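Colleague: Listed below, chain by chain, are the residues.
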Amino acid sequence: MSRLYSAIVLALMLAAFAPPVLAQDAAHSPEPANIAALVQAAAKEGTLEVAWGDIYGGADGVRRAQDEINKKYHLNLQFKYSPVANGAAFQNQVVGEIRAGQTASTDVLFHVRDQNLAKMVIPVDYRKYVPGLPADVMFYDKRAVIAVSTILAEEYSTKDVPPNKVPNSLAGLLAPEWKGKIATMPYQGVIGWYLGLNEALGKEGMLKFYTALSPSIGGLMTCGDSDRVVSGEFAFFGLDCGDQEVRLRQRKGEAIAAFYPKEGTAIYAFSPGIPLTAAHPNAARLFITYLLSPDGQKMLWDEMGCDNYKLAGSRMAPIIAAAKKKGVKFIDIYGLDLQHPELDDYEKTINTIVNQSK
Amino acid sequence: MARPLVVIPALVTAATILALLGFVIVLSFSKIEDGMIAGFAGFGNFATLLSDPNLPRMTSNTLVFAGIALAVSFLLGVPLAWLAERSDLPGRSVIWTVMLASLVLPGFLVGMGWLLLAHPRIGVLNTTLENVFHLSFPPLPINNVAGMGLVEGLLLTSLTFVLVAPSLRTMDPALEEAARMSGASSRSLLWNVTLPLILPALVAAAMYVAIVAVGAFDIPAVIGLGSRIYTFSTFMYVHAYPADGFPDYGAIAAGGAVMIVIALAMTFAYVYVLRRARSFAVITGKAYRPRLTELGRWTPAAWALVAVYALGALIIPFIFTLIYALLPFAEPLDASVFSHMSLLNFAQIPWGLVLTGALHTAELVLVVPLAVVALSFAISWIVVRTTMPGRFVLDGIAFMPHAVPSILFGIGATLAALFLLQKIVPIYGTVTLIGLVYTIGWISFGTRIVNSSLIQIHSDLLEAGAMSGARAGAVFRDIVLPLVRPAAFGAWIYVVLLCVRELTLAAFVSTPKNITLPMVAWFEWNNGSIHSGAAVAVIVVLALIPLLFLFLQFGPRSDAMFGSSVRER
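Line by line, the protein sequences give chains A and B. The C-terminal position of the first sequence is numbered 1764 in our numbering, with every residue numbered one higher than the one before it. The C-terminal position of the second sequence is numbered 1030 in our numbering, with every residue numbered one higher than the one before it.
The following block holds chain A by itself, in its conformation from the complex:
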């Protein structure tokens, strides 16, 4: 018994203490010339490791992507998915890993949200792999590509907010009756900075809004945590990371809806990229290629509740068009940090305001 135990301990010690894979240099891994070469290169890597929250369908989306990619290309790739507690913070942790020369904890950064993060990922020309891909879905010198479009909205519980009391503006949230019943996320600045644009509230208006909102905030939650709205813990959540969460829950009959603020509603995007030190850059390229394909877009619509409105056959495009007809003022904000460096400061300012300790 003790020998068996010793053998098990020794084996596990060896496994646990085995040196980890040293950082790959994805930055210098050659970009396969076409989809056939990409498939071959991905097959050699054999594995894809990704980590994010419920974006891209979370665990279900990754599993479906694995199955469909393997079926389509006759591969046997293993996709390993890990959830993370806070996607935005996790990406910053990965940046630390990249800068320290460590293998990144994920082969795909789920969202290259600005030019700073774009410096941490490799450029990929996805037009080599996705026929007919519009050039305007690639950003930051092809380091990021829009996989899905989202509409930033204010979620609310249809049980706790009667139809006649549903606000249609951000200002409406400041009504005393909602005090303490509004949730936002700790990284609201990542989303809300667009309100500082002149097309929305402008800098002063944005600061005024968040300063007035802060005392009404009852708690912080992350995107995807809308259970807490459905349960009645909060009446509102927003601005959210996109109304796709509401769409998914409405499909299941849950008591939740969203409104588009009249001050200006942002069309946002989630744009994956491949870290400079990704262990499996070609599997990552193939995964992102899949997301941009009709099959991938269908998977995203089913599992995530949105797709890229700029791609042919998009189900989001008619939704946006219908809302525009109703007078919603949309602002397409992805990539605006290139023209508006001040937005970085807005982001930090908003985060400081909403994270003010109780």
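Think of the hints as simulated: they come from the structure by calculation, not from any bench. Worth double-checking, as some hints may not be accurate.
[Unchecked claim] According to the in silico footprint, chain A covers these stretches of chain B (three or more CB under 8 Å from chain A): (1) 683-694; (2) 761-772.
[Said to hold, decoys possible] In silico BS3-like cross-links for lysine-lysine, where the CA-CA straight-line distance does not exceed 25 Å: (3) A:Lys1609 <-> A:Lys1704; (4) A:Lys1609 <-> A:Lys1735; (5) A:Lys1668 <-> A:Lys1565; (6) B:Lys492 <-> A:Lys1754; (7) B:Lys884 <-> B:Lys492; (8) A:Lys1525 <-> B:Lys884; (9) A:Lys1534 <-> A:Lys1704; (10) A:Lys1585 <-> A:Lys1609; (11) B:Lys492 <-> A:Lys1525.
Here the structure is a predicted model, which means the values were calculated and not measured. Cβ coordinates follow ideal geometry from the N, Cα and C atoms, glycine included.
Knowing the structure of chain A, use the given hints to seat chain B on it.
Modeller: Quick look at chain B alone, frame taken from chain A:
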């Protein structure tokens, strides 16, 4: 004389502890740019820390939180310890069972359970009270500093219990007998003799529990973080994992450096109190049997206290977590929920990840407890059985992981792995790193136990062995090992349980590649999958149950294990 086989591991362990803390201090004076060390910063990081708008509130929150937790744990733990050790309560051994069971229940599960019970808007306790008494406000909201302190206090009650109970058990009854003979009433005896006798032990236990409370992560994270209530650990966590930029390592290290200084001061105070405790001669070594106090009509009240504790710390949190694990979606908890319950969440949890977390946890379970016991033995042997110069310094260093909030070791190890060791020993993101941090974090616990066990072995035994011609190895194998085995096994199994439930340290060293089972539950919970997180938490508890039985069978119930930390410093 200490042999290299003992000295080298002991010194390496001590050096690692000092290196991790030293690195935090060095980093606190380093300039950090874009997440990388870029020169000397002087006191810049401390200035940044002081300018953080959340610092004053965080500080007051931490003090209030720790104070309430300490008060609750003592108000429950000390009377329960007295009932278990010094009263004639029928079936009082159940108290030990309840305490040890709650000692191993994961803190995050207790937090989840209480949040679901007493949340101001969705907690069944508040909604029920509001409906029954037609209130327009939640009467018992949990998501505030006092509520967090209450829940943390419930969690720490078992720790207070195991720290205080042995002192009550081993008190010399002669003093109490003398007081009785002099006509003292039971109340007078309690206030004038018993309590003063164990006061130093109580003070020492209070300092110990306070340190744990200050660095606690589970409850502040599960209950406080979502309500913008930061304590020391969550404040550090937010800085370590910011959403809007690179981790603020400089400010984290500055906060850590301040805590190290405070912790060192507390350590000296702790040692001072324990040394004073010896002068009270609480333990005589004579054979004795303390007289038990008759409870009489207070027996029902005593059992009520036990029941309240068991309900609050064990049963209710687990039941509510289980309910959420069985519900498919969020809904008010009324009678209709039972018709909606299913095992769907268990089917839908990311089993691949759970298995990965379980495998990593299993690796830790097999390696860390063994390492803790072995290294503790090496250190304790030098401290107790040799005359090596500086052995008391070694003992002090081994105690530091208890005095310094454990998250600092997590932060120190993460930063060292990321910045210093990446080219030499790339252990960032590996189970090895977690194992290292766990081992360091729990080494002081191990040394306290082994210290007391070794002290009890009279040197005559070893000398007799040597005189009989036995070599050192044979003396160790045939005399020392059998005598320390019970305490070592108790320590081993307790560290096994810690490995399975630990979240505080794991939160600071985990990445998706070295995720542990409790971290899976935390990630799921914090990522919006409350029901899935609850399901994983239930799985963690199920994994703990067989270990708990082992723990109850072979574990402590003796001061060889827990009493040591109070008595033998």
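Colleague: If a hint holds in the structure, say so; if it doesn't, say that too.
Modeller: We went through each hint and held it up to the structure:
Residues of the stretch 683-694 of chain B with a Cβ under 8 Å from some Cβ of chain A number 6, which satisfies the need for three, so the listed coverage holds. Three residues within the 8 Å Cβ limit are the bar, and the stretch 761-772 of chain B against chain A gives 0, so the coverage statement is violated. Distance hint between Lys1609 of chain A and Lys1704 of chain A is unfulfilled; the C-alpha atoms sit about 38 Å from each other, more than 25 Å. Distance check on the hinted pair: Lys1609 of chain A and Lys1735 of chain A sit about 18 Å apart at the alpha-carbon level, within 25 Å; holds.
With a C-alpha separation of about 23 Å, the suggested pairing of Lys1668 of chain A with Lys1565 of chain A holds against the 25 Å cut-off. Restraint check: the Cα-Cα separation between Lys492 of chain B and Lys1754 of chain A comes to about 20 Å, which is no more than 25 Å; the hinted pair holds. The hinted pair formed by Lys884 of chain B and Lys492 of chain B meets the criterion: a straight-line CA distance of about 21 Å does not exceed 25 Å. Between the alpha carbons of Lys1525 of chain A and Lys884 of chain B the distance comes to roughly 22 Å, so the proposed pair stays at or under 25 Å and holds.
Taking the CA atoms of Lys1534 of chain A and Lys1704 of chain A, the gap is about 21 Å. The hint holds against a cut of 25 Å. Taken as a hint, the Lys1585 of chain A and Lys1609 of chain A pair is honoured in the structure, with Cα atoms around 24 Å apart against an allowance of 25 Å. Note on Lys492 of chain B and Lys1525 of chain A: the hinted pairing holds, with a Cα-Cα distance of about 22 Å set against a maximum of 25 Å.
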